[in-house]
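Student: Read off the chains here:
Protein chains: 2
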Amino acid sequence: SGKKVLIVYAHQEPKSFNGSLLKIAVEELTKQGCSVTVSDLYAMQFEPRATRNDIVGRLHNSEAFNYGVETWEAYKRGGLSKDLVEEQKKVQEADLLIFQFPLFWFNMPAILKGWMDRVLVQGFAYDLSKAYDGGLLQDKLSLFSFTTGGGREMYSKEGIGGDIRYVLWPMQHGIMHFCGVKVLEPHICYAPENVSEEKRKEMLTAWSQRLKTLWKEEPIDCSLEWYFK
Amino acid sequence: SGKKVLIVYAHQEPKSFNGSLLKIAVEELTKQGCSVTVSDLYAMQFEPRATRNDIVGRLHNSEAFNYGVETWEAYKRGGLSKDLVEEQKKVQEADLLIFQFPLFWFNMPAILKGWMDRVLVQGFAYDLSKAYDGGLLQDKLSLFSFTTGGGREMYSKEGIGGDIRYVLWPMQHGIMHFCGVKVLEPHICYAPENVSEEKRKEMLTAWSQRLKTLWKEEPIDCSLEWYFK
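One line per chain: the protein sequences are A and B, in this order. According to full-length UniProt numbering, numbering within the first sequence proceeds without interruption in unit steps and concludes at 229. According to full-length UniProt numbering, numbering within the second sequence proceeds without interruption in unit steps and concludes at 229.
Since the hints were derived computationally from the structure, they do not count as laboratory data. Nothing here was measured: the structure is a model prediction, and the numbers come from that model. Possibly wrong hints are sitting among the right ones.
Pairs count within a copy or across copies, as identical chains cannot be separated in the list.
[Said to hold, decoys possible] Mimicking BS3-like on lysine-lysine, the simulated pairs with C-alpha atoms at most 30 Å apart in a straight line are:
#1 130 - 15
#2 199 - 15
#3 76 - 31
#4 130 - 199
#5 76 - 15
#6 157 - 229
#7 216 - 3
Extracted from the complex, chain A is given alone in its bound form (with noise of 0.2 Å):
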C-alpha cells in the first residue's frame, strides 16, 4: 500500500520465537506493498547508554553534563552523534513502528529502552509544551509486539503479575503516546517456550493473519481508563 514501516527489534537469535514474528511482519507487509526497515538492534550493536558520545563536538555546558538538555542542544544544531540521526530518520519517515520483544522484567530488553532514552530527544520527538497528543511524531502509528514467560492466566486483573496492560502503560502512554505516536492494541504471544510446536504454529499463524488488515485497525484511546479501569 506505499506505508512505510519501521520494526525495532531486539532479539538476539534469528531462529527464536520473536526472530519469527519478525520475519512473519516483513514478509507479509512487504507483500502488501509496504515498505519496511529493520533496526535489528543487537545486529547493529546498538549503543543503549546515554552518554556526552551522543554529542558530536562542543556541549552547551561542559561544566555540568545534562544528557536532556545537551541532546536537545545538539538537535537544533545538527550536532548529534550519526547512529541517532539514522535511527531518527527511519522514524521521521515510517508511517508504523512495530517494536518487537521478549518481555524481560515487566518491560522492554534495555536494548530497546535504549533506543527510545537516544532517539527520541526534545526537539524532535516532543518539546516543551508538545507532549502527548500534541507531541512532534503526529500522524504515526506504533505497535508494541512481545512475548512473555510468564502465560496469560499469571496477567490478570488478579493475577500475581496483574493485568499485562499494567506493564504497557509506562511504553504506549508514557513514550508513544507522549510523542503523539496512537497505539494500535499490543500483539502479546504469552509463553511461547512453554507451548507446544503446535499452539506456537497457531501463534505465527494469528499475527500473519492480524497483519493482513492492520491498517484497517483504530487505534485504541490511550487513556487511564484503557489501561487501569
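Fit chain B to the supplied structure of chain A, relying on the hints for placement.
Tutor: Coordinates of chain B only, in the frame set by chain A:
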C-alpha cells in the same frame, strides 16, 4: 549499625541533583556505621546489552541462543562473565539495595535496566518455583530513589502522567518483589530542575532526614492494592 548497603547509581554527572542524592546517602549511611558500596554504572561503563558475551566458554545450546537459559546454565557452573559475578556478589552481601536514578520515559534509564536484565539471572535471583515471596534474594530490602522531569501534580490518579505508583509496578513488583526482595517506600524528588534552589535544598535535607530512621521503616505491602487501589 553494621548493615551493608549497595547503591546502584545511574547518572552521568556527579554535580547533578542525582549526584547530590547519592553523596548524601553515602555520607549519612556511612556515618551510621553502614558499609556502603556504590555501583556507579556510567562511570563503570556498565554494559546494558544482554549478549553471548555474558557467558564464559561453551554455550549450553549454540544452535539457537537463548539468553535466559544460557545465563541460568552459566550461573550454575560458575560461567558468568566477571562483571556480572562482581555485581552478584555485591547484591548477595547487601542488606539494602538503593537504586538512584532520573526517571526516563516513565522508567529507569537503559543502563540501569541492563543491570537488572544481566545481574538478576535465574538461579541467582529466582528459580522455577522460587519467585515473589519465595524469590531467592530473601531478607533484603530495596528502595527506588529517583527524580522526575514532570511535577508532582502531573503524577496523580487524574493527571496525564497517572499515579506515580503505576510506573513503580514493573520496577518494585515486577523485579524486586519477584526476586523476594522487600520494598521500602520509594523516594521521589519531583522536577528538581524546575524548582528554586531553596526547594532543592529542602529536598536534599528531606532525603538525609529519611535515611536517619530508614532501618525502622516497614516495607510496603507490595501487592496489587498498593499500586492500583
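Student: The structure should be examined with respect to each hint, and the outcome stated for every one.
Tutor: Status of each hint after checking the structure:
Only between protomers do residue 130 and residue 15 lie at most 30 Å apart by alpha-carbon distance; the minimum there is 29 Å, versus 41 Å within a single protomer. Taking the shortest alpha-carbon separations for residue 199 and residue 15, only the intra-copy value of 17 Å comes in at or below 30 Å, while the best inter-copy value is 53 Å. In this assembly of identical chains, the alpha carbons of residue 76 and residue 31 never lie at most 30 Å apart, being 38 Å within a copy and 46 Å across copies at closest. Proximity of residue 130 to residue 199 under the C-alpha cut-off of 30 Å is restricted to the inter-copy arrangement: shortest distance 27 Å between copies versus 44 Å within a copy.
Within a single copy, residue 76 and residue 15 get their C-alpha atoms only as close as 41 Å, which misses the 30 Å cut-off; across copies the closest is 25 Å, which meets it. Taking the shortest alpha-carbon separations for residue 157 and residue 229, both the intra-copy value of 10 Å and the inter-copy value of 12 Å come in at or below 30 Å. Within a single copy, residue 216 and residue 3 get their C-alpha atoms as close as 13 Å, which meets the 30 Å cut-off; across copies the closest is 59 Å, which misses it.
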